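Take a look at the letters that make up each chain.
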Amino acid sequence: MQTTQTEIMTGISESAVISNVRAFVQENFLYMMPDFELADDDRLLEKGVVDSMGISELISYIESEFGVVAAEDEISEANFGSLRSIARFVTARRTLATG
Amino acid sequence: MAAAIEHRGPDGHGFYVGQRMGLAHVRLSIVDVEGGAQPLANEDGQIVISYNGEIYNHLELRRELESVGHVFRTRCDTEVVVHGYEEWGVDVLHRLNGQFAFAIYDRNSESLFIARDRFGVRPLFYAQQNGDLYFGSEIKAILASGEVHAALDRRGLDEVLSLWGARPPRTPFDGIASLEPGTYGIWKDGALWLRRYYELDFPEAPEEPVDVVEQLDELMLRSVGMRMRADVPVGAYVSGGLDSSITASLAATASPHSLRTFSISFDDPEFDESAHQREIASAVGSIHSVASIGQNSIAETFPEVLWHAETPLLRTAPVPMYHLAKLTKESGIKVVLTGEGADELFLGYDIFKEVSVRRFCMRRPESLYRQRLFDRLYPYLRQQGQGGGEFWRRSFLDAGSPNDPLFSHLPRFILSSRIRDFYTPSFRDALGGTDVVAELRASLPTRFFGWSPLNQAAYLEMTTLLSTYLLSSQGDRMAMAHGVEGRFPFLDHRLFEFAAALPTGSRLRGLREKEVLRRWASRILPKGIKGRGKQPYRAPDAPSFFAAGAPSWISDHLSADSLRRVGIFSPTSVEGLLRRCRAGLATGFRENQAIVGILSTQMWYDQFIRSTRNVAPLSTSTASVILGDGEPVLS
Numbered sequence: 146m147q148t149t150q151t152e153i154m155t156g157i158s159e160s161a162v163i164s165n166v167r168a169f170v171q172e173n174f175l176y177m178m179p180d181f182e183l184a185d186d187d188r189l190l191e192k193g194v195v196d197s198m199g200i201s202e203l204i205s206y207i208e209s210e211f212g213v214v215a216a217e218d219e220i221s222e223a224n225f226g227s228l229r230s231i232a233r234f235v236t237a238r239r240t241l242a243t244g
Numbered sequence: 002m003a004a005a006i007e008h009r010g011p012d013g014h015g016f017y018v019g020q021r022m023g024l025a026h027v028r029l030s031i032v033d034v035e036g037g038a039q040p041l042a043n044e045d046g047q048i049v050i051s052y053n054g055e056i057y058n059h060l061e062l063r064r065e066l067e068s069v070g071h072v073f074r075t076r077c078d079t080e081v082v083v084h085g086y087e088e089w090g091v092d093v094l095h096r097l098n099g100q101f102a103f104a105i106y107d108r109n110s111e112s113l114f115i116a117r118d119r120f121g122v123r124p125l126f127y128a129q130q131n132g133d134l135y136f137g138s139e140i141k142a143i144l145a146s147g148e149v150h151a152a153l154d155r156r157g158l159d160e161v162l163s164l165w166g167a168r169p170p171r172t173p174f175d176g177i178a179s180l181e182p183g184t185y186g187i188w189k190d191g192a193l194w195l196r197r198y199y200e201l202d203f204p205e206a207p208e209e210p211v212d213v214v215e216q217l218d219e220l221m222l223r224s225v226g227m228r229m230r231a232d233v234p235v236g237a238y239v240s241g242g243l244d245s246s247i248t249a250s251l252a253a254t255a256s257p258h259s260l261r262t263f264s265i266s267f268d269d270p271e272f273d274e275s276a277h278q279r280e281i282a283s284a285v286g287s288i289h290s291v292a293s294i295g296q297n298s299i300a301e302t303f304p305e306v307l308w309h310a311e312t313p314l315l316r317t318a319p320v321p322m323y324h325l326a327k328l329t330k331e332s333g334i335k336v337v338l339t340g341e342g343a344d345e346l347f348l349g350y351d352i353f354k355e356v357s358v359r360r361f362c363m364r365r366p367e368s369l370y371r372q373r374l375f376d377r378l379y380p381y382l383r384q385q386g387q388g389g390g391e392f393w394r395r396s397f398l399d400a401g402s403p404n405d406p407l408f409s410h411l412p413r414f415i416l417s418s419r420i421r422d423f424y425t426p427s428f429r430d431a432l433g434g435t436d437v438v439a440e441l442r443a444s445l446p447t448r449f450f451g452w453s454p455l456n457q458a459a460y461l462e463m464t465t466l467l468s469t470y471l472l473s474s475q476g477d478r479m480a481m482a483h484g485v486e487g488r489f490p491f492l493d494h495r496l497f498e499f500a501a502a503l504p505t506g507s508r509l510r511g512l513r514e515k516e517v518l519r520r521w522a523s524r525i526l527p528k529g530i531k532g533r534g535k536q537p538y539r540a541p542d543a544p545s546f547f548a549a550g551a552p553s554w555i556s557d558h559l560s561a562d563s564l565r566r567v568g569i570f571s572p573t574s575v576e577g578l579l580r581r582c583r584a585g586l587a588t589g590f591r592e593n594q595a596i597v598g599i600l601s602t603q604m605w606y607d608q609f610i611r612s613t614r615n616v617a618p619l620s621t622s623t624a625s626v627i628l629g630d631g632e633p634v635l636s
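Chains W and F, in that order, are what the protein sequence lines are.
Start counting the first sequence at 146; every next residue gets the next number (our numbering).
Start counting the second sequence at 2; every next residue gets the next number (our numbering).
Do not take every clue at face value.
Unchecked claim - Sample of chain W residues facing chain F (criterion: CB under 8 Å; computed from the structure):
id, residue
1, 176
2, 191
3, 221
Hints listed in this document are in silico derivations from the structure and should not be mistaken for laboratory results.
A quick note: this is a predicted structure, and the numbers were derived from the prediction, not measured.
Virtual Cβ for every residue (Gly too), placed ideally from N, Cα, C.
Extracted from the complex, chain W is given alone in its bound form (with noise of 0.2 Å):
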């Protein structure tokens, strides 16, 4: 696979924070439904995945596996909608430190 120039100033991937924000949805707010699959676009709140309580236990672990903190004005449908959404912010959040 081929290195990007994201990857190479954050140390992490978007597809590698998707894989690993996935695994951590999939522990905590979808272990009741294992036939679920969960796309990388797909909107969490709309799609029943996550709540408002939630979203609160997810960015929690995101700044604390990822170590970016988001202000409350950051906390959006935007930035933390979907996984996607989730790892653009994250990559885009490190570039910005380590840049």
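Assemble the complex: chain W is given as a structure, and chain F must be docked to it using the hints.
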């Protein structure tokens, strides 16, 4: 059958033994303690009644009936129903102001007349089996007949787990029905005919009457005054909120004795309101007692609570009410006034504000300013880390269209029904694709669609939560477990009709709930207890079952073997939930409801479906009264 519900009437029992009908009764003696034994017959023994409840206007009805020639043998309100039925037939129901469930055997027509009060305060269940009718105040009485066997009604259970309670006539027991509130039935020649005699209606007026506060004052004083009628001392529950402050305050004024008041306190400060309760008790001058709920109280009592509730539960909130009734009984009080019903009549619950805010936001979906009203609406959830932020607001805004008649309650229904994710595939298949919410939507009366959105929400609250959960699992069943009768001044039907005809703005103005009630209460309440905002009554859920020292039977009921044997919930899914509960991660509504719902379903199944408790029959030799076909009265 009577022995199974002796807790409801520990003061005496009696029987009617006829050729075609048998009646059994256990008595909680409150009015005419000496003379009111039941079953009770009329003068010639042709009309026999078994009755549970109170008719508050019995003195007025008695005078009316005496004026047309009826002769009374007792001072008991029960006898008013007997003579009232003789005089007016089933139309007697329209004249009764009270909370009741009864059965009248009419030997003249060889028919049985069963009825339940307007709002469903008192329960009445029935089952038809091999051409016979079995009925009782609780399902365990019917099962004790030995003729009706307990079996799971999957759709009934699905309703319980989706709506917090099955909607009458459905119950979680196959073949056992709950008589709907405001309904009566006639059993004759092996067939049961059901008719509704009271319908909830909201004929909202465009303007508030100029004397609205005076009207409310008269209705409230009369309602409380009638509910203080008893030959035993009447006490009051005090929650810390406005409604029970009103009932306790009026009861203290009306009581010939020093009023006894009772409250619940929690070790956990998140749930505790004891400071407010003490203030109220002090202000009304009552002798106050507190049932303290410690860390393990809920788990330890949960099996007994389920036995009395006879249904799975999604919250543990009935458990403290069970302890409260126990304390009340031990304090020598068997009648209490409570504030139940005020939130439904005067739009006090957060769900009413929520529906207004959701509609307000949807008119300008792009406005973040409007959406921040959700944060103001649920400040206590924000403090617990459950609220706030865009996702929190979106969870309200994405829950259905304003054109959906169930719009107000969809967030609650959607949240509760997530427990269905834990069903096994076979249980889901057996449900056959039924949709509880769609069935509710299809059952709404035509007049519902002419009401304002807030009155639609009030109707849904009264029909899906008040009668099916608050007045039953959390109300009647917990109080009657200890032979305590709850009385509800706000559920006087004339007060309901008054409130339902007010403009909704008189009840909910902006985000200020119970506006007209507050206006009136400021006149009558002691200073310092009238301005407090709504604080929902809650009890600890998941943590109750996973704290240190929790009973070992919890793990047994939730084991893979036990789950497989019952077959409703997937062991793999429940294992994931248990892992999160044990780690203290199950902190949201969804998982808290799931763990309480799953555990209570497993326990309920074992208590009722898989086995049953045997109780020794009540002795005829100690009966207060035994009636029969041949003799008018054999007391």
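Inset, instruction - Report the numbers of all earlier hints that the structure fails to satisfy, in ascending order. - result: none
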